[in-house]
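Undergrad: Listed below, chain by chain, are the residues.
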Amino acid sequence: MLSPKTPETKPVKLSVRNLDFAYGEKKILDDLSMDIHAERVTAIIGPSGCGKSTFLKCFNRIHEVSTAVKVTGDMMIDGVDIYRGGIDEIDLRRRVGMVFQKPNPFPKSIYENVAFGPRLFGVNDRATLDHIVEDSLRKAAIWDETKDRLKESASGMSGGQQQRLCIARALSVNPEVLLMDEPCSALDPIATSKIEELILELKEMLTIVIVTHNMQQAARVSDYTALFWLGKLVEMDLTERIFTTPRERMTEDYITGRFG
Amino acid sequence: MPVLKTLHLSRTTKPVDRLMRGVLWAIALGFIVVLTVFVGAILKQGWPVLNLGFLSKMPETLDAGGGIKPQLFNSIYLVVLSLGLSLPVGLGAGIYLSEYAGKGRTLRFFRLCIETLAATPSIVLALFGMIVFVQTMGWSFSIRSGAVTLALLNIPVITRVTEISLLAVPRELKEASYGLGATKLQTILKVALPYAATGILTGLVLTAGRAFGESAILVFTAGTNTSAHFPDFRMTVPGETLSVHLWYVTSDGTLPDAREIAAGTAAVMILVLLLLNLAVRFLDRAIRRRTR
Amino acid sequence: MNDLPDSTLSPPSPLAVLAQRDEPAAPVAAGSQEARPALNFRQSRLSRLADRWSHLIFLGCSLLVVLLIGGILFFLASRGLAAFVPMAGNVGRTLRLGEVFLSSDWAPSSDKFGILPFLAGSLSVTGLALLLAAPTGILTGVFIAKLAPHWMRNLMRQVMDLLVGIPSVVYGIFGLTVILPIVSRSWLKDAPASGFAVSALILSVMIVPTIVSLSTDAFESLPPSLDEGAQALGSSRWQAIWHVLIPAAKPRLITATVLGLGRAIGEAMAVQMVIGNNPQWIALLRESTGSTSFLHTLFTPAATLTTELVQELPNTASGSTWNNVLFAMGLLLYLITMALILATRKLGQGREA
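First to last, the protein sequences are chains W, P and Z.
Following my numbering, the numbering of the first sequence begins with 987 at its first residue and continues without gaps.
Following my numbering, the numbering of the second sequence begins with 4 at its first residue and continues without gaps.
Following my numbering, the numbering of the third sequence begins with 2 at its first residue and continues without gaps.
The following block holds chain W by itself, in its conformation from the complex:
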């Protein structure tokens, strides 16, 4: 984990400048700016309803599937504007994967869940798919538990296993970024700790942005932490600094439990 003593060597993967976000008339995010570094874990914390999930979903433009949204400001991946840089949102979603709050595996077999992604892009060769499925399940630390029941339905798994399956599924298309929206909120403590371990392993390969309402979790897994309140960014810094010497009064109040 990054400490204040070691300098940041990783480049900026995602950057946000003066982002405003609105659903129809309602403004959700207000003038947000932040940098997210590659192969680091960035946690977004804050009280419920302050726009954390909404912000996360801006990175893969998944809002647009259900509603029309109004976005002003810049949001960039590798220096290219996500909204106006000519990026195809379908391509974007392949590069920026997502794990949701409640595990949502498809009502298909374990194998088919993970093979779903590659199949979308025309990979149909059995050998290649087998390789990708095994690789993804291994990366999600769930290969040993599933290798003998790949043909079984995913619905038979426990919550924690399902969530790791969803992570494997997200990994199957080789994303560069993984967005995690409160991935452990529906899971028991043991499953939660397994996934936190997984996050620490995965960050070697991808950039991870995780929304969590659990401060302890942010402290355990993230390199950077950003505190949101009512659609605004209160403070963002190295996790160590945020939790030991926060700059803002509000941050200190939140961390010590005085509000939120």
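There's no promise every hint is true.
Only pairs whose alpha carbons sit at most 20 angstroms apart, straight line, appear in this in silico DMTMM-like list of lysine to aspartate or glutamate [unchecked claim]:
#, chain 1, residue 1, chain 2, residue 2
1, W, 1137, W, 1168
2, P, 187, W, 1050
3, P, 106, W, 1011
4, P, 106, P, 178
5, W, 1056, W, 1075
6, P, 193, Z, 52
7, P, 106, W, 1050
8, P, 17, Z, 229
9, P, 193, W, 1098
10, W, 1056, W, 1067
11, P, 187, W, 1074
12, W, 1218, W, 1011
Just so you know, the hints here were simulated from the structure itself, not pulled from any lab data.
Based on the hints, put chains P and Z in the right spot on chain W.
TA: Only chains P and Z this time, still in chain W's reference frame:
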């Protein structure tokens, strides 16, 4: 909130309550009795006539002893053909309404049209089919005229059932698909439709049942004659079905054993109906098991 | 896993968690990293094209339905209106609107085309059927929704599903072979055994499932506070139903009835088999003035718009006045149906206000 009339308890409240409860139960039981008597009478009347011979013989034009082989064939053939025509259109329209049409005036307009077509009396569809297919297109009383007109009857039901089944697909599943980089079409074909498949299948079985029992449309498009040749898969020959045969034999009445044939035909139709009903119940239970 | 939070009452502060965290990890050994498969994941051009065009295909299917509605109107009108407008292919004279829609004199062989008998017949049969089906249907609906035990609800649903699946010709044959003989053997021995009563009876059984299912939905969608509130005030079950629930569900119950009406007025085969098919029924009734009891009227062989179509269309020549008038009747049926659907829309909108 409706204005509550003064609900005062009087001496008659309890007895009235008991009486009306009894009345409601009686009405419900009455329907059960009606259904049982109905099905029972039809089966009882037709049972003596039902034998392998009846089902496998060709009909007679003047004498007694005719069978219903070609009519049975035509009934099934027309159901299959009309479903084959209406399924793509119904699926397409259902997909459009649930996935593309939004929530505003467009959706309401299309829904209105579907409801109107659904409520159109079958005799009106029969007239339409007669003008357009039998006469204007010169297809005359034939299997193809019947199949296409029958498809018009099926389309609204299939559309509605597709739309409802697709709307029941959990949003999270579609989100997961989009999150991986799928296009809208891929999400519909690979996630939404497979999930909705059982529900749509149930609707198809219901539609098949309705098409099987339809008579008005077919009298005016497929005619009241059958091909002398069996089995005749050609689309251009007339195609009297079981339902039309039942009506024709009863109305025309020239056959000496018209009553028996009618009874037998009705019994066959009821048996097919019961079979389809069982299929629907089986499918319904499969759906409920999955969503648990 | 020694950085798990304590399972004591209050979660540890993030500070404490930070203190327990591992030292910054050493750079990962090169060999332990999985080489990423060098696969280029892109959507194929075919896939993108399909996505764009599929939208149009699905739209096309929906538009087909709209086209059909218009097409039915057009083709029916093209024949029906031919009775009133001189057109090529017409044999026979053109008629005035009045002599068709306002006259009850139907005698095609004498060039008389008043369709009032059929209109009146349709309305009478439908009205009678609704009189039977609407109250029983609505009461059954409330029974299923509010009163019946679980097993009874399932049973009733099965019963209604079966009733609605029975083909109309089978209803007709039942009426013909079971009900009519019973009627003619009973007190109306000398009355002609057919007519409105039996048709309406059969028709009511045919439309009851529609009314029942819509009524059940109507009652089930009422807020439970309504029912609970009434009972908390001490009303009996029936009082709650009669004074509170039924009035509250009224708009949707009316819609259910209207849709049942639509089904009834369009029903052809079952009615045609038992009604006796006598277009002169009004004239017949007028003649037998002295002994016309109400019961007698109920059993007079009669005719409706639909039965006349089934009965006579095959026998009329295309282009003849009779043929055109029949199509005008079909057009009338279609317009009535559309009007009923629009009426249910208006009712629905009124409720949402």
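Undergrad: Mind listing which of the numbered hints don't hold for this structure, in increasing order?
TA: Hint 1 contradicted; others consistent.
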